[in-house]
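Taken in order, these protein sequences are the chains called A and B. For the record, in the first sequence the residue sitting at position 19 is 19 according to my numbering, with numbers rising by one throughout. For the record, in the second sequence the residue sitting at position 26 is 26 according to my numbering, with numbers rising by one throughout.
Careful, some of the hints might be misleading.
To be verified - Which chain B residues face chain A? A few, computed with CB under 7 Å, are given here: (1) Gln42; (2) Leu48; (3) Phe90; (4) Leu95; (5) Arg103; (6) Phe106; (7) Gly107; (8) Gly109.
If you're looking for bench data, these hints aren't it; they were derived computationally from the structure. For every residue, glycine included, the Cβ atom is placed at its ideal position computed from N, Cα and C.
What follows is each chain in one-letter form.
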Amino acid sequence: ETGVTQSPTHLIKTRGQQVTLRCSSQSGHNTVSWYQQALGQGPQFIFQYYREEENGRGNFPPRFSGLQFPNYSSELNVNALELDDSALYLCASSTAGVSNYGYTFGSGTRLTVV
Amino acid sequence: AQSVTQLDSQVPVFEEAPVELRCNYSSSVSVYLFWYVQYPNQGLQLLLKYLSGSTLVKGINGFEAEFNKSQTSFHLRKPSVHISDTAEYFCAVTLLRGSTLGRLYFGRGTQLTVWP
Chain A
1 ETGVTQSPTH LIKTRGQQVT LRCSSQSGHN TVSWYQQALG QGPQFIFQYY
51 REEENGRGNF PPRFSGLQFP NYSSELNVNA LELDDSALYL CASSTAGVSN
101 YGYTFGSGTR LTVV
Chain B
1 AQSVTQLDSQ VPVFEEAPVE LRCNYSSSVS VYLFWYVQYP NQGLQLLLKY
51 LSGSTLVKGI NGFEAEFNKS QTSFHLRKPS VHISDTAEYF CAVTLLRGST
101 LGRLYFGRGT QLTVWP
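The shape of chain B in the complex, shown without the other chains (with noise of 0.2 Å):
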């Protein structure tokens, strides 16, 4: 089975710092990496994907991600961050099932806080 650990519960930071949210996954297959965004009372929102390819994923709104194979990891990354940023932040993964995608098995979240 598939398992999706996000080391840090909560990640403070300043405006215009950079910031790393991390997350590790458990596979002993190929699987497809995902980064959802979640603002206050609202549903999922799908901020980058990795399916194949360039292991450095550009997503929405500046964020990319690094899939390391070696390490089982998929770190979020911005190298600048905004207010409006402040949000909880999803790592999931999946396997694709024929020709349908797997279930998506996400982590705990991390809570990424900016402060002015």
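Chain A extracted, bound-state conformation (with noise of 0.2 Å):
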């Protein structure tokens, strides 16, 4: 297993601008999800896709969005930045597998939104 990669683990921007951050999955598993952790909080569901369409999604507004690719990588976008939305961001990929359910997280990226 090459487990989960996010890039990059550290990021600054400024408010108002547009910001993707990079996961890579492990091989095989074909569902990928999202999360937000506000700093003292727990995990926030963001999305979830699933053979690169969305079948899931919490309640963030439409300036998040995400891609899923064939080889497990996926992307999570964000517009129009705003001071709320520093956070670690975690990705998370697991597979159906029956005896493997369960997710498999990454080290996260530290955005700060200035």
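Grab the two chains, each in its own frame, and use the hints to assemble them into the complex.
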């Protein structure tokens, strides 16, 4: 297993800018989810992709969008950044194999909006 | 909708003492339950999971958890903690949607601090 890799690890952006965060999932994991974790909080679900289609979305505005690619990588895009978007963004992948239900998380991207 | 309540935001304990981190969930259907650990400035690491079968689940680092359906609880325990167990612990729940896992619902986390 190669694990889940996220890039970059840290990022500083200015309010109003756009940002793209990247995630490389484990081989064979056809489901990827993105979470936002504000300081001192539990992770909040942004959206989930299954076989390159969005199949679930949390309470986040449309300026949060994503893509999943055939090579198991994915992106999270955030437009018109706001100060409250400052958080740790976590990518998680999974496979639905009966004995392997569960998510593997990456180490996250720490986004700071100034 | 599912929800998770972690009853203690902070749990201080001395090294080699036992510890229990409490987690209750609400759901009208069968769920899958997880405990994750997060060390400072890192992502989430899976400690253990309950999918079905035996209600006592053993995980990594000597942790175990017991699923109690009647009390809708999934408390995490360790008989003797180490300083290295100091971290944030998250309880989470999800459903199986067809052949894929649904979203994870997380609790707010419990900060476990182990003192020498």
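Tested hints:
For Gln42 (chain B), the shortest C-beta to C-beta distance to chain A is roughly 6 Å, which falls under 7 Å, so the interface hint holds. Checking Leu48 (chain B) against chain A by beta carbon gives a least distance of about 10 Å; that is not within 7 Å, so the hint is violated. For Phe90 (chain B), the suggested interface contact is upheld, since its CB lies about 6 Å from the closest CB of chain A, less than 7 Å. Interface hint at Leu95 (chain B): violated, since its Cβ lies 11 Å from the closest Cβ of chain A, which is beyond the 7 Å cut-off.
The criterion of a C-beta within 7 Å of any C-beta in chain A is met by Arg103 (chain B), whose closest approach is roughly 4 Å, and the hint holds. Interface hint status for Phe106 (chain B): upheld, as the beta-carbon distance to the closest one in chain A is roughly 4 Å, under 7 Å. Because the smallest distance between the Cβ of Gly107 (chain B) and any Cβ of chain A comes to about 6 Å, under 7 Å, the interface hint for this residue holds. Proximity of Gly109 (chain B) to chain A holds as hinted, the smallest CB-CB distance being about 5 Å (cut-off 7 Å).
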